[in-house]
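Peer 1: Given next are the chains, with one letter for each unit.
There are 4 protein chains.
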Amino acid sequence: MTARNTVSTIVNPVGSMRVLSNREVSRLQDTSQKGLHRLFRQCALAILNCEQEGDDTEEIMEQFQDFDIRIVQEHRGLKLELINAPADAFVAGKLIRGVRENLFSVLRDILYVSSHITEDPRFTVESSTDITHLVFQILRHADAFITKQVPSIVVCWGGHSIARHEYEYTKKVGYQLGLRGMNICTGCGPGAMKGPMKGAYIGHAKQRISRGRFIGLTEPGIIAAESPNPIVNELVILPDIEKRLEAFVRLGHGITVFPGGPGTCEEILYILGILLNPANKDIPFPLVFTGPEAAKAYFEKIDEFIGNTLGEEAQSRYQIIIDDPLEVSRAMRSGLEQVTRFRRKHGDAYYFNWLLQIEQEFQAPFDPTHENMANLELNTQLPAHILAANLRRAMSGIVAGNIKEEGVTQIRAKGPYQLTGEPELMKQVDSLLQSFVEQHRMKLPGSHYEPCYEIKN
Amino acid sequence: MTARNTVSTIVNPVGSMRVLSNREVSRLQDTSQKGLHRLFRQCALAILNCEQEGDDTEEIMEQFQDFDIRIVQEHRGLKLELINAPADAFVAGKLIRGVRENLFSVLRDILYVSSHITEDPRFTVESSTDITHLVFQILRHADAFITKQVPSIVVCWGGHSIARHEYEYTKKVGYQLGLRGMNICTGCGPGAMKGPMKGAYIGHAKQRISRGRFIGLTEPGIIAAESPNPIVNELVILPDIEKRLEAFVRLGHGITVFPGGPGTCEEILYILGILLNPANKDIPFPLVFTGPEAAKAYFEKIDEFIGNTLGEEAQSRYQIIIDDPLEVSRAMRSGLEQVTRFRRKHGDAYYFNWLLQIEQEFQAPFDPTHENMANLELNTQLPAHILAANLRRAMSGIVAGNIKEEGVTQIRAKGPYQLTGEPELMKQVDSLLQSFVEQHRMKLPGSHYEPCYEIKN
Amino acid sequence: MTARNTVSTIVNPVGSMRVLSNREVSRLQDTSQKGLHRLFRQCALAILNCEQEGDDTEEIMEQFQDFDIRIVQEHRGLKLELINAPADAFVAGKLIRGVRENLFSVLRDILYVSSHITEDPRFTVESSTDITHLVFQILRHADAFITKQVPSIVVCWGGHSIARHEYEYTKKVGYQLGLRGMNICTGCGPGAMKGPMKGAYIGHAKQRISRGRFIGLTEPGIIAAESPNPIVNELVILPDIEKRLEAFVRLGHGITVFPGGPGTCEEILYILGILLNPANKDIPFPLVFTGPEAAKAYFEKIDEFIGNTLGEEAQSRYQIIIDDPLEVSRAMRSGLEQVTRFRRKHGDAYYFNWLLQIEQEFQAPFDPTHENMANLELNTQLPAHILAANLRRAMSGIVAGNIKEEGVTQIRAKGPYQLTGEPELMKQVDSLLQSFVEQHRMKLPGSHYEPCYEIKN
Amino acid sequence: MTARNTVSTIVNPVGSMRVLSNREVSRLQDTSQKGLHRLFRQCALAILNCEQEGDDTEEIMEQFQDFDIRIVQEHRGLKLELINAPADAFVAGKLIRGVRENLFSVLRDILYVSSHITEDPRFTVESSTDITHLVFQILRHADAFITKQVPSIVVCWGGHSIARHEYEYTKKVGYQLGLRGMNICTGCGPGAMKGPMKGAYIGHAKQRISRGRFIGLTEPGIIAAESPNPIVNELVILPDIEKRLEAFVRLGHGITVFPGGPGTCEEILYILGILLNPANKDIPFPLVFTGPEAAKAYFEKIDEFIGNTLGEEAQSRYQIIIDDPLEVSRAMRSGLEQVTRFRRKHGDAYYFNWLLQIEQEFQAPFDPTHENMANLELNTQLPAHILAANLRRAMSGIVAGNIKEEGVTQIRAKGPYQLTGEPELMKQVDSLLQSFVEQHRMKLPGSHYEPCYEIKN
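Chains as they are written, first to last, in UniProt numbering: chain A, 1 to 457; chain B, 1 to 457; chain C, 1 to 457; chain D, 1 to 457.
Certain hints may be false.
Unchecked claim - Partial pick of chain A residues on the chain B-facing surface, computed with a CB cut under 7 Å: (1) Ser21; (2) Arg23; (3) His133; (4) Arg140; (5) Phe145; (6) Thr147.
Hint data in this document are derived by calculation from the structure and do not stem from the laboratory. Being a predicted model, the structure only gives us computed values, none of them experimental. Glycine included, C-beta positions come from ideal geometry on N, C-alpha and C.
Take these sequences, add in the hints, and give me the full structure.
Peer 2: Right, here's the structure in full:
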């Protein structure tokens, strides 16, 4: 690990967050435990590190140990002083404008969330509507609601370290979506989160759409690993993964899933779990799984797994389209039109999916301890959407055990997670995970995969 | 009193306040004591009544007893349903756009203030910085800060029922200010609050300034009497008179005072009291008293009074310019340039006067009971700025006793207020008030004035 | 006559005319007979003299004998150097922006017209469609066509030196037109040409119309006497009075006529002559004569005259509305809607009235020599629209004899014009002109009027 | 050759060309020899065929024999009716907006050029300043001059059928140029004309440049072979190749040359010929030859040829940068800054390079007959810039003999062109051309190349 080039400079604000009160500045400068400085510095560094791809957060933090960020109040508003910032984020000595905007989005959201959650005694996490209201407030404060815009936001999910030909494919899909005027929303990292944006951007260019939306939804825990691409022109930092997932499904109008690993599988189980909720039965929600020819096996396996575990109804909620970007964009376009008609008919907002019911199972954070993993109830007697919730947790635990710092540490100390449940179901789970191993989707290609779980039955 | 023409319709939102959560809608619809519906309805009616001049709030409310306003949530955002609204606010069946904007500003501010004061247990009125921070937050939330704009906001104070030639004069001053690119901020009623805006608008037209700012600062207690002119394109509703006055001096960069009655005198004492605070000694703040030839006596009398009570230092903080709109605009322009230089030098914000120190005496509401009036300490041994604060309160009480509902009732029940204090000072007060009576500035011209106070010494 | 304050400075261009070729610069600098410098200087001076009202062109030219204007080519485009320009056009040393824009409009039109008429051997004045095509090209080049805009341009005609209460009335009408979203087009001088613009501007303000159109159509011969008000934000210089009148009726969608003198009467005869053309029988064209109560006699006399000479059909093409601005705006609004429906139905352009047939009688310049005046055929056996054309010429001659330099000189040399024709018709003409004399509309109020014509029969 | 899908529809205009006079419509509809319909139809088809790459104009024309285009005049302006247009230009039944814009640019330029050259008796081709003035007028009429913009237009030249890795390289260079805020101007076909635009577009995205300029300069003779990419957002059609080349060097501020064939070599000789003109000695003009590692030989050979024929001074006017996009963008950026300083110092326009002297040798069309080719004076005794002009013509002839319809026909009839000249020089020419053959740059890769020339000495 070598020292990296750095730049120290002062940057002007952009966007709507340009004025702070003295009180807010103090909070951001406060380096104590209750202050916001630590969080702000860490997110800012992730943003500034955007041109480097690589998911080792720790390493980044170490490389830029002497990085710091300070607020400068001035007659024309506030400025940010960057000290020893990654040089890659600068062009001819000036911070790339997209990076600059994202920097101020971080500032905006950190302050807002802290003022409305952490420090507001009225906020309680117990109620489901409280959480939804909070997600709503964060998005509104970030100006993410464009009320006159008809449904056009396509969420793109998929792996952040996919193969080159898969990446090229996501660009082609994005291009067709962009040509049809759709906007892109992703988790804002590389791979399947960047490709569709690049493609859609060129599609927009040809249609002269200069205000296309490239929405990135992230959270402090993941931002360093999946640093927002500067093409993202609306960045929102949600406080945790559950609120981020809720933001995806309430803000987005449809979802395209590209190939990925167990993380992508977790996202699929999340959205299916919600759509299987009987209360959401009649709500249209376009959902397309797609990839190039080479990804066919991946989706076939997932489809088989879903059929065998969650049943046909679950399978009826999505479409699989292999190697046909044009068809994906048409399916998505027609799905969005259905969404538009539905919302108009029910008087539901275009900009926020109020009607979708999301149960606490999907809102409450899941802590993947060995105990919690072992206690997961995995059996087909459960209502399908509850089973989906539990399978999602299992998948979430495996992601943690594979790559998240805390999970890896636990596995090292206590051995693999023990998953138990209905024998037939467990066989399905085993087979699915085994296929991920074989397709090299469990870890970065080239490395040997040592499973972090054991299936008991 | 006759029934008035009314219109019932649904209006689309304009401006930034277009999205409400279900929770916020409930609060606005709530007609119970803790709900916001009553307040919202009353302010909305004031806005809709803009084409009528007249300050009898009660009468208006009675004329439109069956007026109501409701929130309609829709797929493209919210709408407002107006029921039996004053027909004057409509042109060819459509609500005048400026009125529409102001309607949504009311909605925005009522919700914000209620959420951040009334319902937030963290807010306490005891601290001076808390109040300033609140004024800051309300203005920021209303997008009143344009950070890149150099100081250009001229506050215009003066009577709302001035004579025709005085009104014409305020238009001429406004025209010259507008030609020089200055923006206007007033209490947004008729008379001296409307004339400068009209004049400045034509000045802006000649300079092709299409985004001129016509800021109206009002409060629920006065909005019905001083209904915002639709030329006002930035309306902010502050919760009470003290926060409104603070907003004037922190947002505005200079003040022009036109002739008025004791209310205008109260405003003069307010700003002088702040400027006489030793902490504010070096802060430039352009302050010009001006009127046509016929208003000369008015300002001479006030100048004499100030000289005899608050002293020469107070006199040094303002300029009196009679019958010379061009000179007023030049003095104001050069004053604003001084403000700009000062703020740049001290790194103070252009958009909010953080440095100005405002003491609790000026922030705490004064309740003009007979007892409070009698207890006012009026003597020249006090520091000048404290004396100014007390004189302002006395003037405030007289305004209440003259025209405010509660004050008038008290006077009827208990007779005139009794003002006591240092004999020489009381003579000055008496003489000043007497001059207002003679100039017919105590009440609407034509009516006989029965004093609501007695000077003891 | 005293020397006036002047300013010398360099001004940057605004609007679309910002780039000249070296060749064009040479033409503008060319002070020889075939060069454009003389014309450019004279029009520029008229624009710069906008804040002075007064129609003595000669006097103005003499006051600013040493005024000059030069082109400066620069890396960012061209600039204009003004030498000894009238100081009134400057505020704080900077040229009023509206004046600046109008200055560059002059430049644009002078160059264009010279390149497309004077110097283009293909252009012949003989054909009616050639003239119409030229008017079209000048307006298009000046960006006067906003294709997506539905018919909304109201032409306001009337005297430039009307009485105060008449002026106030034109403002009120303008206000109501503006509130209803209509745009104003005038000859861009003072009086009835300025009042409606000022009023409409405030109406637009309340409706938040920031791109309202204030179109001024002028010509080099009149621009000095009727200097464009800086509120005019689209100034077009047509080459002569006939093309200017054609521009009015092809660009405007309706006409409001305020009181004036014989000039206004000439305009009335012009538009009636066109509308009486059988080819234009079915083309809707809203035409309203309006004024305050005191102007009632004026329009009654004109109405009587028209009834007695051109007949009932002519009377059926206009409406007279006295002292009711609201009603004027409603009549105009509904007239414009009729125009819109008609054009949509016939596929005619919104922005240019192609269908209206204008005969050569109305396009060819009339030179008011004694001989031409004496030869005018004035008798009711003529088709009504031809009679209207001849009556217009008579009126045009009288205007010239009253105030135009050349006309006045001729009258001095040869005595009054001799008008002959059908006895009954001549009695009508005499009576009409007599009423103008009695109403002091022949010359500026206060001065004695010596007729420049004699009616023979 | 199979029939292709077509669409018939009516499209609305975009951009500034939205209003035509009846006269202009007639000219465009006129299918006779002197009418414009044939030219308009052909260019329109080329624009509509944008999604197909392939340079066989004839084939395209044949595939869409029944394509037609008509003008529809309407109340809101004109529309275009497309009959049997290529379906690829449509998305969901609507014409891609970029294509639509380009379609109306064609309309605009065809009309303008015909009105100002073909039909204007004042225009003569004999004078050099006449041609320059015409190029200026066409560009101005197309709104290509943005006067306030500092020099930022980089012209990209190079082959339209380059190898994949060369194409990828042009994208990378474009990306770096875009990140630095530079705008791209090309001949608007595929290959080296499309890559830099795509790259720059993503660079602009990151810098939030929403009004980046992607200028395409083309001419009727080449437009079908190099159909404008819809990313091009400013399309200008010049009347012939010489005016197009002049437009490149007067509008552009610097040039980047990517690998190509003899056509690219022709462009290099054109710009060097101009820069070698002693009158242009001190005019800065950044010129960079660049390509990936594999293109090194190409540029080395060209550099050697230039050194041996035009000399060191010629070599001093360009820089060769191999496989380093970042360095290219830096060199270009610093070159543009030099241009900016120079123009500011000399008061020369930013938007049009007036100072550059272009002699008739470079403006007059060269007709590559066998006779003209044989008569070319090729010897090093000539002034370098004249020699460059002649070498350019030789290269131009070879391009024609290789691929242009007329040239190929002549070669077939009369055998190869005979080039004669100074023996040493001819050896250089031979060696250069030979290297093109070896690098497969003479024709599309894969095909055998039969030389269309013979070198005599």
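Peer 1: Which hint numbers doesn't this structure obey?
Peer 2: Structure breaks no hint.
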